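S.K.: Sequence:
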Amino acid sequence: MRRRTKALALCITLLMTCGVTAGTAEAREAKRTTECQGDWLPATPTAADIMNGEVDFLDMAPVKVGKNVNWRTDPYRNRSWSMVFHSLRWMGRLVADYETSGNEAYLARAVEIAKDWVADNPRGGAGTSPYAWQEHPIALRAPALVCLSKHVGGSWLSGSLAEHAKMLSDPKLYEKGHNHGIDQDIALLGIGCRYGRDQWSSLAIRRLTETVKLDVDSQGVLREQAPRYAIYVYERLKVAMDNIEACKRKVPGDISRRWESLEDFISHSTQPDGFMVPIGDGGADVRPVGYDRPKQTVRVFGGGYVYGRTAWDKPESAFYSIRFGPGVKYHGHEDHLGVTYYAQGRDVLVDAGFDSYENSGYRNWTMSPEAHNTSMVAGARFRGKTATALSKSSIGADRQSYRLTDRAYGVPRTRSVLVNHRQDVMAVLDTVPRGSKVRNVWHFSHNLSTVSSGGGQVVVKDKAGWKATLVQVSMPSCRPVAGLKVVRGQKNPYQGWVSSAYLQRHPAPAVVSPASGDSLLTVVVPGSGRPSLSCSGGKVSLETSEGQVSFRVGGADLS
Numbered sequence: 001m002r003r004r005t006k007a008l009a010l011c012i013t014l015l016m017t018c019g020v021t022a023g024t025a026e027a028r029e030a031k032r033t034t035e036c037q038g039d040w041l042p043a044t045p046t047a048a049d050i051m052n053g054e055v056d057f058l059d060m061a062p063v064k065v066g067k068n069v070n071w072r073t074d075p076y077r078n079r080s081w082s083m084v085f086h087s088l089r090w091m092g093r094l095v096a097d098y099e100t101s102g103n104e105a106y107l108a109r110a111v112e113i114a115k116d117w118v119a120d121n122p123r124g125g126a127g128t129s130p131y132a133w134q135e136h137p138i139a140l141r142a143p144a145l146v147c148l149s150k151h152v153g154g155s156w157l158s159g160s161l162a163e164h165a166k167m168l169s170d171p172k173l174y175e176k177g178h179n180h181g182i183d184q185d186i187a188l189l190g191i192g193c194r195y196g197r198d199q200w201s202s203l204a205i206r207r208l209t210e211t212v213k214l215d216v217d218s219q220g221v222l223r224e225q226a227p228r229y230a231i232y233v234y235e236r237l238k239v240a241m242d243n244i245e246a247c248k249r250k251v252p253g254d255i256s257r258r259w260e261s262l263e264d265f266i267s268h269s270t271q272p273d274g275f276m277v278p279i280g281d282g283g284a285d286v287r288p289v290g291y292d293r294p295k296q297t298v299r300v301f302g303g304g305y306v307y308g309r310t311a312w313d314k315p316e317s318a319f320y321s322i323r324f325g326p327g328v329k330y331h332g333h334e335d336h337l338g339v340t341y342y343a344q345g346r347d348v349l350v351d352a353g354f355d356s357y358e359n360s361g362y363r364n365w366t367m368s369p370e371a372h373n374t375s376m377v378a379g380a381r382f383r384g385k386t387a388t389a390l391s392k393s394s395i396g397a398d399r400q401s402y403r404l405t406d407r408a409y410g411v412p413r414t415r416s417v418l419v420n421h422r423q424d425v426m427a428v429l430d431t432v433p434r435g436s437k438v439r440n441v442w443h444f445s446h447n448l449s450t451v452s453s454g455g456g457q458v459v460v461k462d463k464a465g466w467k468a469t470l471v472q473v474s475m476p477s478c479r480p481v482a483g484l485k486v487v488r489g490q491k492n493p494y495q496g497w498v499s500s501a502y503l504q505r506h507p508a509p510a511v512v513s514p515a516s517g518d519s520l521l522t523v524v525v526p527g528s529g530r531p532s533l534s535c536s537g538g539k540v541s542l543e544t545s546e547g548q549v550s551f552r553v554g555g556a557d558l559s
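Per the working numbering, residue 1 is the first one in the sequence shown, and the count goes up by one each step.
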């Protein structure tokens, strides 16, 4: 027996093909392992679901896959569903539950699933699913197979893990500076540590350090341009650091420092209602939990985000976001100069949001300027991936103002944003050079409906009767803008929609302005259905239900 155990250990270390499976006695005595327990495990499907031949991913209806799984199953024609299917994390759920329950049927079924996947999906095989060997499913599947290897052996498993390590090591497949790269490094580290292959472990740690320094800046801003991915990267880096230490290696300081910096960015990206502001590929239903609250209420992140709030831990406090920075990449949208505004316990101005990664007309629209609270130059061609500069800022306790500019339409467009607290008001001034015309669009929450529109004002309300008003005037004349159009649920072209969660769309009021040769001043007043605006010598006065607010317009600036 001692010779058999020693031979098995040598076989695993060298990834040889010995064809040995752990005996039932060892299986009955199985203990929880770090490889099989952790946040990487999915909540759905459950072990009972899987044993019943049923899987459900991404909140979609369950799918019967039966005992003999067809690995080309693609019921929703959805890339994300297929990626999760081929990740085999759901198989890992069975192994983890076997460790905690001792139910050997779970382990037996996990072996059947994994063995069937390996047999049916040889790399380059004619019948292999096109999703099987894509870089991200490889990275997510390898830890599930490593977990299984803690309880079973055999050439089919060790050989498959060797193939996974080969693919994970391939520099042509490596997603450097991206969350996929982090997953690839976690996977390669896991295989290297499991089988004592130092070259794989060392490569994984070296690449991970480079990827983290590229993907996360010193302020904690993720270059992937979607705040909700900061949560994913934060959680995955914690897994990576734990695994490095479990592998008896030292965590590089560059990794731990950037990991810590993410927490500040995540906290500032969270609205007073506890949900993360849905910028880029991030759903409005993402709720960060357990992150420390910074002391600052206003933060400018050089990577392209301004966040401000009146107070922490008060759902009724005001919150706003402003986008600028490098041109769009990865999970970003063309949202530069865009703002969001939350006030008095409600979403007021919102992004159209994230629907899915599927290539569709709706997806393309959600990524365009038209789906964000931004400005456009009428008749000019939009130049995607253009950087935007934050050229000026003034931050006070009760009022903040900013100026942003770029040439996304070939000519300078400038936006100044002023946010007033105590009496909640957001004012935005859009300016373009003489000879050009500017227009803008404003997206209200789908929980708001239009009460009235006319005379340069649009009033919306929620079901409780709470109201907010958008006022728009031309400057410097201060004349109300005629022809404001409220669009809701339009499909050709898309306009007036908000996505509240994955694959969920709701008609919502969108205010579209006509093109103007003058600057456009837009003022949003939460909690008021009858604000009065007047101008005198560059001073704008606004009467709200909470009192008077005044500010100055000077050229392209607000103060």
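Treat the hints with caution; some may be incorrect.
[What the hints assert, rightly or not] Below, computed lysine-lysine pairings styled on DSS-like, alpha-carbon distance capped at 25 Å: (1) LYS31 <-> LYS238; (2) LYS67 <-> LYS115; (3) LYS295 <-> LYS314; (4) LYS31 <-> LYS166.
Hints were generated in silico from the structure; no laboratory data involved. Computed from a predicted model, the values in this text were never measured in an experiment.
S.K.: Which hints, by number, does the structure contradict?
M.R.: Result: hint 4 breaks, nothing else.
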